[in-house]
Amino acid sequence: MTTTSGDPSAQLADGLHRQNSTGLGRLLGGGGVGHADEGPDGKMTATIRIPEDELCFEPGTLILPHGGDLELTLINDDKNTHCAVLPHNGDPKFIWLVNHAKGTASLNLDGPGTYYYSSTTGNDEGRGLTGAIVVGGEVPDEAKLDRPPQPRP
Amino acid sequence: MTDYVDAGQAIPYMQLSAVKGSAPATGNVDYERILDARSEPQNWLTYYGTYDGQRYSELDQITKENVKRLSPAWVFQAGSVGMQSGSSTYSNEASPIVVEGVMYVSGPDGKCWAMDAKTGEELWRYKHASPYDVSLCCGNVNRGVAVGHGKVYMATLNAHVVALDATTGEKVWDTTAGDVRAGESRTVAPLLVKDMVIVGSSGGEFGTRGCLDAFDAQTGERRWRRYMIPKPGEPGSETWPDDGEAWQRGGANCWVTPTYDPELELLYQGTGNPAPDFDGAVRPGDNLYTDSVVALDVNTGEIRWHYQCTPHDLWDYDSTMENLLFDAPDGRKLLAHADKNGYFFVLDRTNGELVRVFPFVDRITWGSITPEGKVTPKVYPDEEGVPVHFWPGPAGGKEWTHMSYSRQTGLIYIPVQEVGATATRRRREFKESIPYWGAGVAVDLEDFYGFVSAVDPLTGEEKWRWRNEYPMCASTLATAGGLVFQGTPTGQFVALDAETGEKLWEFQCGSGHHSSPSTYTVDGRQYIAVPTGWGGWVEGFLPGLLGAGAGDSLFVFALPEY
Numbered sequence: 017m018t019t020t021s022g023d024p025s026a027q028l029a030d031g032l033h034r035q036n037s038t039g040l041g042r043l044l045g046g047g048g049v050g051h052a053d054e055g056p057d058g059k060m061t062a063t064i065r066i067p068e069d070e071l072c073f074e075p076g077t078l079i080l081p082h083g084g085d086l087e088l089t090l091i092n093d094d095k096n097t098h099c100a101v102l103p104h105n106g107d108p109k110f111i112w113l114v115n116h117a118k119g120t121a122s123l124n125l126d127g128p129g130t131y132y133y134s135s136t137t138g139n140d141e142g143r144g145l146t147g148a149i150v151v152g153g154e155v156p157d158e159a160k161l162d163r164p165p166q167p168r169p
Numbered sequence: 036m037t038d039y040v041d042a043g044q045a046i047p048y049m050q051l052s053a054v055k056g057s058a059p060a061t062g063n064v065d066y067e068r069i070l071d072a073r074s075e076p077q078n079w080l081t082y083y084g085t086y087d088g089q090r091y092s093e094l095d096q097i098t099k100e101n102v103k104r105l106s107p108a109w110v111f112q113a114g115s116v117g118m119q120s121g122s123s124t125y126s127n128e129a130s131p132i133v134v135e136g137v138m139y140v141s142g143p144d145g146k147c148w149a150m151d152a153k154t155g156e157e158l159w160r161y162k163h164a165s166p167y168d169v170s171l172c173c174g175n176v177n178r179g180v181a182v183g184h185g186k187v188y189m190a191t192l193n194a195h196v197v198a199l200d201a202t203t204g205e206k207v208w209d210t211t212a213g214d215v216r217a218g219e220s221r222t223v224a225p226l227l228v229k230d231m232v233i234v235g236s237s238g239g240e241f242g243t244r245g246c247l248d249a250f251d252a253q254t255g256e257r258r259w260r261r262y263m264i265p266k267p268g269e270p271g272s273e274t275w276p277d278d279g280e281a282w283q284r285g286g287a288n289c290w291v292t293p294t295y296d297p298e299l300e301l302l303y304q305g306t307g308n309p310a311p312d313f314d315g316a317v318r319p320g321d322n323l324y325t326d327s328v329v330a331l332d333v334n335t336g337e338i339r340w341h342y343q344c345t346p347h348d349l350w351d352y353d354s355t356m357e358n359l360l361f362d363a364p365d366g367r368k369l370l371a372h373a374d375k376n377g378y379f380f381v382l383d384r385t386n387g388e389l390v391r392v393f394p395f396v397d398r399i400t401w402g403s404i405t406p407e408g409k410v411t412p413k414v415y416p417d418e419e420g421v422p423v424h425f426w427p428g429p430a431g432g433k434e435w436t437h438m439s440y441s442r443q444t445g446l447i448y449i450p451v452q453e454v455g456a457t458a459t460r461r462r463r464e465f466k467e468s469i470p471y472w473g474a475g476v477a478v479d480l481e482d483f484y485g486f487v488s489a490v491d492p493l494t495g496e497e498k499w500r501w502r503n504e505y506p507m508c509a510s511t512l513a514t515a516g517g518l519v520f521q522g523t524p525t526g527q528f529v530a531l532d533a534e535t536g537e538k539l540w541e542f543q544c545g546s547g548h549h550s551s552p553s554t555y556t557v558d559g560r561q562y563i564a565v566p567t568g569w570g571g572w573v574e575g576f577l578p579g580l581l582g583a584g585a586g587d588s589l590f591v592f593a594l595p596e597y
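First to last, the protein sequences are chains A and B.
Per the working numbering, the first sequence runs over residues 17 to 169.
Per the working numbering, the second sequence runs over residues 36 to 597.
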């Protein structure tokens with residue numbers, strides 16, 4: 017984030033991505049962008065951390081190359097307790113993350129699309145602890161409409 | 036710093052609830068049993084109750100005389116966690132299925148439950164993870180499930196079809212049926228016929244190519260697909276521009292469950308609007324098979340006949356709504372269809388011949404249809420930037436919510452919406468997954484009302500109407516107790532005398548109705564089940580209540596036991 021020293025509006029914009037600065041929490045959808053690693057069997061792995069006093073997941077956006085199984089490691093480096101309710105076909109997955117805790121979640125997601133998850137304690141969700149798993153790729157050919165390729169935005 | 040505390044493995048969220056985790060095994064529901072569903076009114080085995088779409092139950096414990104004592108037996112409240120797609124538009128639109136005391140019902144955002152139909156205990160739940168950014172024209176909704184072969188079948192927002200184990204809710208198979216990047220979704224209640232699951236497409240406002248699919252009920256493999264827009268050279272292609280691309284994105288989606296005649300082995304599928312909805316100049320011609328009643332061979336998906344209700348539609352007049360099957364006193368096999376365009380069609384369901392057509396709403400300005408079926412458009416958005424007002428509005432005189440047919444009175448009870456709209460043509464180019472309407476549309480915020488209309492389909496005569504301040508946006512249910520049940524947009528669930536229309540009972544459910552009630556018995560006690568929760572395409576059918584409270588409950592009523 018670029019900040020212009022002495023520029024009040026730039027300072028306000030910069031504060032959108034910090035706690036109790038411009039707003040009360042940080043704006044949703046900020047943070048870094050990460051990519052899941054894909055193993056030879058097609059299974060994907062990734063790690064997401066909760067940094068100290070930032071009330072966010074990092075990376076805030078995790079990109080999967082395609083739908084399938086994801087083994088997610090979650091690490092809470094914060095000095096407060098959080099949790100995560102994560103998207104998963106069948107039922108969301110829940111994990112409680114006390115201060116300085118580490119756990120895992122096995123998730124299955126169809127592609128493509130964006131799946132949000134959050135820490136559902138207090139108002140963690142509103143303060144910034146809402147992350148996204150974005151599944152890329154296309155649906156299988158047999159699921160596509162029988163028509164020539166169409167323009168996209 | 037010490038080592039991390041081991042937080043372990045994330046667990047299914049339902050483990051932190053009172054969900055039992057399993058449902059009792061019921062007797063097998065197969066094709067033969069659904070064929071004869073009317074003989075076991077204690078159950079509601081299929082979406083419409085029976086294949087003919089009559090939404091009529093032979094149960095008669097709840098009568099005109101005792102209905103005033105009808106009371107809630109139990110209430111289920113779904114709730115939600117986290118961010119869900121269309122989070123301001125979710126609605127409970129399903130019709131609960133009941134088999135031997137177990138209820139199976141779906142809700143918004145990929146949710147499905149099995150419940151004890153007597154107590155409301157949650158036996159199992161399933162939630163399909165739905166992308167937040169999936170294209171949805173008309174809200175985060177699902178109209179129900181099919182049950183059979185030991186499985187529960189559900190379509191999902193991201194255009195999958197899943198089969199769940201009926202006793203555990205565990206996924207048995209999962210088939211990708213459509214392309215979310217093309218703006219497709221699935222919201223329809225599947226229909227189980229023979230060893231197939233019939234599922235139609237959603238995505239009519241995104242320029243898709245509508246289709247109806249049949250999947251193998253055991254494996255999920257697709258048996259056949261019937262596109263409702265013909266390719267160049269196929270029958271019907273002459274109703275599309277020769278040199279254009281219009282057919283590729285022509286619409287005609289199949290987002291309401293078909294009815295079925297097992298003797299003729301024909302499915303009766305209503306098809307959706309052409310795309311773009313309001314800009315007909317880019318698609319000259321009648322645009323088959325949009326806005327049509329289409330009869331398909333259930334074994335092959337071949338089209339046997341069709342009847343187009345609104346050729347070259349310019350008002351978003353889908354004909355997706357149900358095709359109710361009934362027989363005339365002389366045995367003639369008929370089909371009744373109350374269309375968005377405000378006209379009620381009675382067809383010979385063996386060949387599609389028009390038997391009669393008549394208006395069932397008060398205000399029709401878009402055009403007219405003669406008793407012989409000749410369609411004359413009068414008012415439509417054909418000049419760029421010029422607003423045009425018309426009745427009925429794009430949600431129609433009746434939208435997808437269903438009418439019912441009493442086998443006692445011979446009347447059909449239609450939920451009617453009297454709402455107009457203004458469309459202003461605004462041409463736009465097509466891009467996959469972006470709404471493709473070709474107009475700006477504002478549905479009237481005033482001058483609306485509604486009613487339940489009791490119509491004799493043999494004559495077209497309206498026998499009675501029960502008028503309401505607000506349009507009727509939920510399905511009716513007729514019973515052998517001489518009653519018609521109807522939910523209102525303001526939350527009342529009412530029982531009407533099927534012969535006179537007199538209101539005999541009402542209960543305020545706390546949120547508007549936009550679903551299809553069903554009825555069943557457990558241990559000899561009759562129940563009426565109705566999902567509630569105002570939402571869906573409210574800006575289309577009743578924007579005057581866009582600010583009304585939402586909800587996602589299921590109310591079940593019965594007579595007191597003492």
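Keep in mind that the hints were calculated from the coordinates and are not lab data.
Any given hint could be a false lead.
Derived DMTMM-like pairs (lysine to aspartate or glutamate); straight-line CA-CA distance at most 20 Å [claimed, not checked]:
{"hint": "1", "chain 1": "A", "residue 1": "Lys95", "chain 2": "B", "residue 2": "Asp38"}
{"hint": "2", "chain 1": "B", "residue 1": "Lys538", "chain 2": "B", "residue 2": "Asp38"}
{"hint": "3", "chain 1": "B", "residue 1": "Lys266", "chain 2": "A", "residue 2": "Asp30"}
With the Cβ distance kept under 7 Å, some of the chain B side facing chain A (calculated, not the full set) [what the hints assert, rightly or not]:
{"hint": "4", "residue": "Thr211"}
{"hint": "5", "residue": "Arg244"}
{"hint": "6", "residue": "Gly271"}
For each residue, glycine too, the CB sits at the ideal point set by N, CA and C.
Go through the numbered hints given earlier and state which of them the structure violates, listing their numbers in rising order. Numbers 2, 3, 6 - these are the hints that the structure violates, sorted from lowest upward.
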